[in-house]
Amino acid sequence: MRSTPGAPVAEPQPVQRAAGRAAGGSNAPPAAGDPTTPAAVEIRGVAHAFGELRVIDGLELVVEPGEVLGIVGPSGCGKSTLLELVSGLRQPSDGAIAVGGTSSSEGRLARCAFMPQRDLLLPWLTAIDNAALAPRNRGASRGAARRAAHPLFERFGLAGFERSRPSELSGGMRQRIAFLRTLLAGKPVLLLDEPFASLDAITRAEMQEWLAQALAAESRTTILVTHDVEEALYLSDRVAVLSDRPARRVAELRTPAPRALPRVAMVTSPSFTTAREQALAALMGGRR
Amino acid sequence: MRRWLAPVAIVVALLGLWELAARLDVLANALHIEPFLVPAPSDIAQSLWSDRTLLADNGWVTLKEILGGFALSVVAGVTFAVALHLSPTLRRAFYPLLIASQTVPIVVIAPILVVWLGFGIGPKLVIIALICFFPITVNTLDGLGSVDLDLVKMVRTLDASRWQTLRRVEAPTALPYFFSGAKIAVAVAVIGAVFGEWAGSSSGLGHLIQEATAQLETARTFAAVTVLSALAILLFALLSVVERRVAWWGSQEPRT
Numbered sequence: 001m002r003s004t005p006g007a008p009v010a011e012p013q014p015v016q017r018a019a020g021r022a023a024g025g026s027n028a029p030p031a032a033g034d035p036t037t038p039a040a041v042e043i044r045g046v047a048h049a050f051g052e053l054r055v056i057d058g059l060e061l062v063v064e065p066g067e068v069l070g071i072v073g074p075s076g077c078g079k080s081t082l083l084e085l086v087s088g089l090r091q092p093s094d095g096a097i098a099v100g101g102t103s104s105s106e107g108r109l110a111r112c113a114f115m116p117q118r119d120l121l122l123p124w125l126t127a128i129d130n131a132a133l134a135p136r137n138r139g140a141s142r143g144a145a146r147r148a149a150h151p152l153f154e155r156f157g158l159a160g161f162e163r164s165r166p167s168e169l170s171g172g173m174r175q176r177i178a179f180l181r182t183l184l185a186g187k188p189v190l191l192l193d194e195p196f197a198s199l200d201a202i203t204r205a206e207m208q209e210w211l212a213q214a215l216a217a218e219s220r221t222t223i224l225v226t227h228d229v230e231e232a233l234y235l236s237d238r239v240a241v242l243s244d245r246p247a248r249r250v251a252e253l254r255t256p257a258p259r260a261l262p263r264v265a266m267v268t269s270p271s272f273t274t275a276r277e278q279a280l281a282a283l284m285g286g287r288r
Numbered sequence: 001m002r003r004w005l006a007p008v009a010i011v012v013a014l015l016g017l018w019e020l021a022a023r024l025d026v027l028a029n030a031l032h033i034e035p036f037l038v039p040a041p042s043d044i045a046q047s048l049w050s051d052r053t054l055l056a057d058n059g060w061v062t063l064k065e066i067l068g069g070f071a072l073s074v075v076a077g078v079t080f081a082v083a084l085h086l087s088p089t090l091r092r093a094f095y096p097l098l099i100a101s102q103t104v105p106i107v108v109i110a111p112i113l114v115v116w117l118g119f120g121i122g123p124k125l126v127i128i129a130l131i132c133f134f135p136i137t138v139n140t141l142d143g144l145g146s147v148d149l150d151l152v153k154m155v156r157t158l159d160a161s162r163w164q165t166l167r168r169v170e171a172p173t174a175l176p177y178f179f180s181g182a183k184i185a186v187a188v189a190v191i192g193a194v195f196g197e198w199a200g201s202s203s204g205l206g207h208l209i210q211e212a213t214a215q216l217e218t219a220r221t222f223a224a225v226t227v228l229s230a231l232a233i234l235l236f237a238l239l240s241v242v243e244r245r246v247a248w249w250g251s252q253e254p255r256t
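Residue numbers (the working numbering), protein chains in the order written: chain U, 1 to 288; chain W, 1 to 256.
Hints were generated in silico from the structure; no laboratory data involved.
These figures come from a predicted structure and were not determined experimentally.
Idealized CB from N, CA, C, for every residue including glycine.
Warning: the hint list may mix true and false statements.
As the list claims (entries may be wrong) - Computed, partial: chain W to chain U, Cβ under 8 Å: (1) Leu-149; (2) Asp-150; (3) Leu-151; (4) Lys-153; (5) Met-154; (6) Arg-156; (7) Thr-157; (8) Leu-158; (9) Asp-159; (10) Ala-160; (11) Gln-164; (12) Val-169; (13) Pro-172; (14) Trp-249.
In isolation and in its complexed conformation, chain U is listed as follows (with noise of 0.2 Å):
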């Protein structure tokens, strides 16, 4: 892992890509709920309105299986509302989006699992069976569900937590819960949308390593959508840099060095600043 600050790393490759035309991993085998099986994503010429307010429009993205796709825009452009496009949750206008090969809704939504900004943590449920929610939901009992959840409380350092209501813990903790719910359901492709908007500083860097180590632990297709260009340079494969409303792509970024530790060196080191430039001035670009 390229860690040393300052070190050597491969220069970012903004790349310009001509719309209809993607990289390939378009063939990924339909397996719904099969987390092992990577799935692709595929966004094809999507346009989405609410009434007469245009938020989305003749948008194409691809995520290849296993990648990490950061979706950066300004507040407001739409990026909510594309995850809940891909997971199912919404129809888009126009355009067609294939999760793992599938299109429908229903095919989506049991391909994608969804972390929402605010944790939305079910305060009358305990921390094990907030997060053991998907597997209930399937038919699991309570004590089934709960042995599913806890090696992930012990691996991703929530061991003694477990019987914790939300209540008690504090906004990082909370966000993690939320975090394992999501990749105890199960899904092949996380959705992230402004994960620890609502986290202060300090806080929010801890988890973004903290997410990087879990998603180094758990390699799924996952679409991040946040505003904070670091954080999207960090913690993606690629950053898809969107326009104001309604959002088009205006450019894409490979980043320099994923997810590596530790965070501080990366993310002070010359290609990353670099990195982070050029995506700011296509943000900026981006503006109308």
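Fit chain W to the given chain U structure using the hints.
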């Protein structure tokens, strides 16, 4: 202990004034208080003791009516609320009827129910259930409707069926609201029981009040009213205790 100080002090002070007004001839004459119209608190206490068997027997009858009618309205109210919550069509169809049910004057309908259902416990249960139904249903329905839609979306992506969403998200959200409704209901249930007994019965505190009033046994009337109030307060407190145990998140999460 401190939180009890103020309410106890107020009650004792009021009782003291009352006692003085009824006992002191000067005051009683000035206020035109006749002992058979307004008994002194000590007379009522006397009656509470000497009529204790009478009060207990009739209180037990009334308590059974209240519990039965309340249980009936909980079952009916929650069922109704869930049905209306799940089906917008049902909601549109029945919501006006739900409000109309509350405008029916119980005093008018009580004698009719006695004609239909006889002098037994039947009409009392129906009257109490009718009175309790509205606050329970409306509060539960509001609670189900107040669910955080982001939570619903979230559990949908976690493979929850409609029923599981109701069970794991909407029902717990509604539970504190249900208890608010149930607490109002149990307090008014006592009034329902009295109306029910007045319309026709041979026992119960309402019946006792009617009888004692007719015989100008005012102290006994007041004693029966005291027992009724005590019953209402007791049931209310009991529900509050249950609420704190089973719906504790209601007091810590802001209700939106």
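We went through each hint and held it up to the structure:
Interface restraint check: Leu-149/W against chain U, minimum CB-CB distance 11 Å, threshold 8 Å, status violated. Interface hint at Asp-150/W: satisfied, since its Cβ lies 6 Å from the closest Cβ of chain U, which is below the 8 Å cut-off. A hinted interface residue such as Leu-151/W counts as satisfied when its beta carbon comes closer than 8 Å to some beta carbon of chain U; here the least separation is about 6 Å, so the hint holds. For Lys-153/W, the shortest C-beta to C-beta distance to chain U is roughly 6 Å, which falls under 8 Å, so the interface hint holds.
For the restraint placing Met-154/W at the interface with chain U, the shortest Cβ-Cβ distance is roughly 5 Å, inside the 8 Å limit, so the hint holds. For the restraint placing Arg-156/W at the interface with chain U, the shortest Cβ-Cβ distance is roughly 7 Å, inside the 8 Å limit, so the hint holds. Taking 8 Å as the C-beta contact cut-off toward chain U, the hint placing Thr-157/W at the interface holds, the least distance being around 4 Å. A hinted interface residue such as Leu-158/W counts as satisfied when its beta carbon comes closer than 8 Å to some beta carbon of chain U; here the least separation is about 4 Å, so the hint holds.
Restraint check, Asp-159/W versus chain U: the minimum CB separation of about 5 Å is within 8 Å; hint holds. Look at Ala-160/W: its Cβ gets to within about 4 Å of chain U, closer than 8 Å, so that hint holds up. For Gln-164/W, the interface hint holds, since its Cβ comes within 8 Å of a Cβ in chain U; the closest pair sits about 5 Å apart. This hint holds: Val-169/W has a C-beta 7 Å from the nearest C-beta of chain U, less than the 8 Å allowed.
Because the closest C-beta pair between Pro-172/W and chain U is about 5 Å apart, less than 8 Å, the hint holds. Of the supplied interface hints, the one on Trp-249/W holds, with its beta-carbon coming within about 4 Å of a beta-carbon of chain U, less than 8 Å.
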